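Visitor: Protein sequence lines correspond, in order, to chains A and B.
Under the working numbering, think of the first position of the first sequence as 4, with each following residue one higher.
Under the working numbering, think of the first position of the second sequence as 269, with each following residue one higher.
Because the hints were derived from the structure by calculation, they are not lab data.
Just so you know, not all the hints are guaranteed correct.
[As the list claims (entries may be wrong)] Pairwise CB distance ranges (calculated):
(1) B:Pro-307 <-> A:Tyr-74: 21 to 29 Å
(2) B:Glu-330 <-> A:Ser-15: 35 to 43 Å
(3) B:Pro-351 <-> A:Gly-57: 20 to 28 Å
(4) A:Ser-23 <-> B:Val-282: 16 to 24 Å
(5) B:Asp-324 <-> A:Glu-60: 32 to 40 Å
(6) B:Pro-351 <-> A:Glu-60: 42 to 50 Å
(7) B:Val-282 <-> A:Tyr-74: 40 to 48 Å
(8) A:Ser-56 <-> B:Ser-366: 34 to 42 Å
(9) A:Ile-21 <-> B:Pro-351: 41 to 49 Å
(10) B:Lys-339 <-> A:Arg-100: 32 to 40 Å
(11) B:Gly-308 <-> A:Glu-48: 15 to 23 Å
(12) A:Glu-48 <-> B:Pro-307: 14 to 22 Å
(13) B:Val-282 <-> A:Leu-14: 16 to 24 Å
[Unchecked claim] Once the Cα atoms are required to be at most 20 Å apart in a straight line, the calculated EDC-like pairs of lysine to aspartate or glutamate come out as:
(14) B:Lys-333 <-> B:Glu-298
(15) A:Lys-59 <-> A:Asp-81
(16) A:Lys-105 <-> B:Asp-306
(17) B:Lys-325 <-> B:Glu-298
(18) A:Lys-45 <-> B:Asp-306
(19) A:Lys-5 <-> B:Asp-327
(20) A:Lys-73 <-> A:Asp-10
(21) B:Lys-325 <-> A:Asp-10
[Claimed, not checked] Covered by chain A, according to a simulated footprint, are these stretches of chain B (three or more residues, beta-carbon under 8 Å):
(22) 305-317
(23) 331-339
(24) 367-377
All values derive from a computational prediction rather than experimental measurement.
Cβ coordinates follow ideal geometry from the N, Cα and C atoms, glycine included.
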Amino acid sequence: QKEVEQDPGPLSVPEGAIVSLNCTYSNSAFQYFMWYRQYSRKGPELLMYTYSSGNKEDGRFTAQVDKSSKYISLFIRDSQPSDSATYLCAMDNGNNRLAFGKGNQVVVIP
Amino acid sequence: EAQVTQNPRYLITVTGKKLTVTCSQNMNHEYMSWYRQDPGLGLRQIYYSMNVEVTDKGDVPEGYKVSRKEKRNFPLILESPSPNQTSLYFCASSDGWSGYTFGSGTRLTVV
Chain A
4 QKEVEQDPGP LSVPEGAIVS LNCTYSNSAF QYFMWYRQYS RKGPELLMYT
54 YSSGNKEDGR FTAQVDKSSK YISLFIRDSQ PSDSATYLCA MDNGNNRLAF
104 GKGNQVVVIP
Chain B
269 EAQVTQNPRY LITVTGKKLT VTCSQNMNHE YMSWYRQDPG LGLRQIYYSM
319 NVEVTDKGDV PEGYKVSRKE KRNFPLILES PSPNQTSLYF CASSDGWSGY
369 TFGSGTRLTV V
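Construct the entire structure; sequences and hints are all you get.
Guide: Take a look at the structure:
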């Protein structure tokens, strides 16, 4: 079983819809949880960083962490065509060695 | 502007010809790391460094070397590249508290 599981299937949504992405993990030592956005031919860009269970909101983005279920989610409200990208979850057990999911390609259709 | 700079962006080389990919950050970060990204495999860590002269292997270190002689620089060295090292490489740095900042990537092709 991989440490971090992220269903890589592409996701297409109409503009304005809510995008819901999630990852599961097996290593209970993970303490820090991140979501990165990666545009084609670019490096990953940090979107959200959290270290506790619960929700964290930043504009249209909400990150949710459930440590008891080993499950994290990212929600994008009022999605825009500019949100079309690959979204990667990443986790860290405190030693700054990140474990990444494989990424979800999201396409927002105008 | 705070950034991680990698060079070159694109590189085509032949099997066995030593090469170095440079990485520099201007944020005074202690932590630096190299990743490779391959289709279907995602991002995998090659090496990381917690400070000057402190480096350790990641998940896929075979065939790679690194050095950290200065805080801002963390070059990736391929002593004898092989075709299975054809990949997209990313350097990243962190202050240890707020996630990693990634460079723009180096696309390496080994023929």
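Visitor: When the structure is checked against the list of hints, which entries are broken? Sort them ascending.
Guide: Hints 3, 4, 8, 10, 13, 21, 23 are the ones this structure does not satisfy, whereas the remaining hints hold.
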